[in-house]
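Undergrad: Produce the complete structure using the sequences and hints provided.
There are 2 protein chains.
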Amino acid sequence: MNGAEALVRTLARAGVEVCFTNPGTSELHVVAALDRLPGLRPILGLFEGVVTGAADGYARMAGKPAATLLHLGPGLGNGLANLHNAKKAHAPIVNLVGDHATHHARFDAPLSSDVTGIAQAVSGWVRRSDSPERIGADAADAVAAAVGPPGQIATLVVPADVAWRRAPDTIPAPAPASQSAGVAPAALAACADALCSGEPTGLLVSGPALGARGLAAARAIAASSGARLFCDTFNTRLARGAGVPAISPLPYFAEPAVAALGGLRNLVLVGTQAPVAFFAYPERPSELAPDDCEMLVLVERGHDGTPALEELAAALGTEPSGAPTVEGATPELSTGPLDLGAIARSVAALLPEGAIVSDESITASATLFQQTQAAAPHDWLFLTGGAIGQGLPLATGAAVACSDRKVVSLEGDGSAMYTLQSLWTQAREQLDVTTIILANRSYAILNVELGRLGMTNPAEKARSVLDIDAPKLDWVQLAEAQGVEASRATSAEAFHDQLSSAFTQRGPRLIEALY
Amino acid sequence: MNGAEALVRTLARAGVEVCFTNPGTSELHVVAALDRLPGLRPILGLFEGVVTGAADGYARMAGKPAATLLHLGPGLGNGLANLHNAKKAHAPIVNLVGDHATHHARFDAPLSSDVTGIAQAVSGWVRRSDSPERIGADAADAVAAAVGPPGQIATLVVPADVAWRRAPDTIPAPAPASQSAGVAPAALAACADALCSGEPTGLLVSGPALGARGLAAARAIAASSGARLFCDTFNTRLARGAGVPAISPLPYFAEPAVAALGGLRNLVLVGTQAPVAFFAYPERPSELAPDDCEMLVLVERGHDGTPALEELAAALGTEPSGAPTVEGATPELSTGPLDLGAIARSVAALLPEGAIVSDESITASATLFQQTQAAAPHDWLFLTGGAIGQGLPLATGAAVACSDRKVVSLEGDGSAMYTLQSLWTQAREQLDVTTIILANRSYAILNVELGRLGMTNPAEKARSVLDIDAPKLDWVQLAEAQGVEASRATSAEAFHDQLSSAFTQRGPRLIEALY
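Protein chains in written order, with my numbering: chain A, 612 to 1126; chain B, 612 to 1126.
Don't take every hint at face value.
If chains are identical, the list can't say which one is meant, so a pair holds when it fits in one copy or spans any two.
[As the list claims (entries may be wrong)] With a straight-line cut-off of 20 Å between C-alpha atoms, the simulated EDC-like cross-links for lysine to aspartate or glutamate are:
id	residue 1	residue 2
1	K1072	E628
2	K675	E628
3	K1083	E1040
4	K1072	E1040
5	K1072	E744
6	K1083	E930
7	K1083	D950
8	K1083	E964
9	K675	D752
FYI, nobody ran anything at the bench for these hints, they're computed from the structure.
TA: Here it is in structure tokens:
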């Protein structure tokens, strides 16, 4: 057994089932081990941003890490943006990054790079495995570090010789799962006091508590105490739709967020931090809650607040089972030229029960989110780190994790171009993903932001870096070229028909919604 | 004037003419400044790997830096692989990376990231500008650092508030150009002695000395002394073709490289380091020259060895003007099904004088390089850092730098997928680039390397990460979808006709050569 086999066997024993990869020469011993050994399914991405974003989507839905296998510093670099998003999502991922053989490192060959330095920017745990004797233990430690809680990115750098040299035959047992510390009685009491105080109080929930159980407890607490209930603007995963207790994300722009939090004297934080603006602007505050609002931490950022919310509900004498839930409703459909409202109403009407929505629709997101509130129950995955190019890879990984659920990508055309190679992996693996390209042929959010800077009429040079309409992208061709069936809709009726057809078949489909 | 305007004005005064960009909200003040001020031409890439690779191609051909404008850590991360290649090419680039406003950094908003940490992995110079009073000087320093010599990557992090706050009206003058130190007389004498010693001696040249002048001096030295003349396997830029003195790159694989250097007792190094294997392999040496071969450094790595080679030629009493050059020859064309030889012969026969070749053809490269030796004179740009996804962006930037020259991308299909968004920028800017996709539908180099590991018959799981034939990529659609005219050739005659047509028209074209 060589180091690569020890690595693969250890990961398999620790429960890792999937390895998203774009390998190179220095990873070939690991590829050979994947080939020889059962346990891990390798899935190829034609670009590393696909690989890392898929690992994020897999982790969000499977609740456990996939491995990635990446080629030295440049391969890790290509995957960095989606690792950034995964980091902010507290998604557990085990990155395996190949590197030059130990004895080769000092020669500064063309592919020599600072792998560890690059990894540190996005990883909670980084280690360079320095011998085949220890690579099994290193891999077990990496899985344990990734799982947390909270989940994080663990990067194990694997020099080629550590992979190819002989390793001992023993495979380490997985580390026992860590437990989140229970909620401290003092914190619970302080939050309960605030909620009963009669003062304006808010409850801000994020992280794993945004499943149905956590939401029921949060909604019951809000209903019984009169607290304003919010989740973060961008969340790892949110259960929603008919029969699920509703929660409102804080608005994206600082002004309406400040208004939503206006007057609060207490804010109970569950699995998140005090709310801050996404970007800073001249003469605007970064902190969104009022200056005199007291922050009460019930559960630390990234941790699962579900048990604590249930304890808090009990302390307030209310029952999660009695929390109000959203009533299902079928929206009235549009006719005529396609617009965003028509798109949103068709998605809401047709969304299959148990669907997973990967949302990277940027300026279209608010409308789509609002209109699907009463659709069939589903999970919503957000752009957690603001690094665009997340949506298509995330959908790819979510579909690998949940092969029995329909995955829907709501994608801006600008964002989709970053990691369009995802479509090829969806076709290769015949994943059940419907991609809706919201084609406004503009970096529309930047035009909005430019207006907020007072520059409402940019001249040609600014427009040339904000508009993507010349030449026009043809998303039907971009999808078909990668083996994904595709169509274009320019009317509400055509969009509805195409979406209906996509949702009643299995396998990858793309609809370019030109509006 | 705000900080962004001071930044843009300083760059323009220092001679920077182009800004390749994919901006976001934190860069909009710089976008607004580019819009208002003359001097810098912004060019949009739909992915940051396009932006940084284009800056590299521009630098290699213009001999001076372009700026890039990137969006925080994730935007820089997306550009990292091609910055790695540019670093290895000693290409001068000035990266401007936006970041959160200074007062916003401590809140860990979703896009907060370790911009400086990521930048350090690929930059020779990194600075965070901390005030609008100093941003002009910071920009002038960045340009000076980028120019070198040797050229390097200079990254200036620009917090949003430093861009939007009021700046002084004075624009710093560009730093005076640094001069390479002249060659030390002792080094010159030692190299001359070795070349006259009668011992087997080699001359290994890389960097800017691979222009026509440096090559003439090197070839004259080799002819008069009997030295074996080589350049590195992967070079920033090499002048070649009819009428240019020939030079042989060291072979890629270690075994033939060791053979080429076999028996040498002295190796004169001009602008490069002692040759090392690209990757390490079990039981194979990393260093390629014989153990008892003495290394003589005439010119340090990355520096221009042209003057030193001319001095050395003079010391040996030989004349660069008398160096033998390659005689032009027109290859005999093939007929029938398309193969690599037919592709290479058509390229050689049709290549326009003064063409710029961006080579990322990987397993096809040796044949294409060899067959074009006697083509019309041209420049050849290599994959300097081994990070694939360089070729199409590099061609894009080279075409911006040299709008009067035909640019030819020789591209593997696997490599082309990394940064295929380059085609859109080529169409938008109507750049004169012909892309030839060498479509073997495989990561062929990895199959070769797997065979070298003794694994000649990989099973399904290994093949599933090395072959990219299911689904088949349609490069005609991928190009047309982005506004680039495209065609597919499966016979030698069709390829020749399509290439002839592409070379006689201007503007972007793509040919999928299926062989």
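Undergrad: Evaluate each hint against the coordinates.
TA: So, going through the hints one by one against the coordinates:
no.: 1; hint: K1072 / E628; verdict: between (49 Å within a copy, 14 Å between copies)
no.: 2; hint: K675 / E628; verdict: within (9 Å within a copy, 49 Å between copies)
no.: 3; hint: K1083 / E1040; verdict: between (29 Å within a copy, 13 Å between copies)
no.: 4; hint: K1072 / E1040; verdict: between (42 Å within a copy, 13 Å between copies)
no.: 5; hint: K1072 / E744; verdict: neither (58 Å within a copy, 26 Å between copies)
no.: 6; hint: K1083 / E930; verdict: neither (54 Å within a copy, 56 Å between copies)
no.: 7; hint: K1083 / D950; verdict: within (19 Å within a copy, 34 Å between copies)
no.: 8; hint: K1083 / E964; verdict: neither (35 Å within a copy, 33 Å between copies)
no.: 9; hint: K675 / D752; verdict: within (15 Å within a copy, 47 Å between copies)
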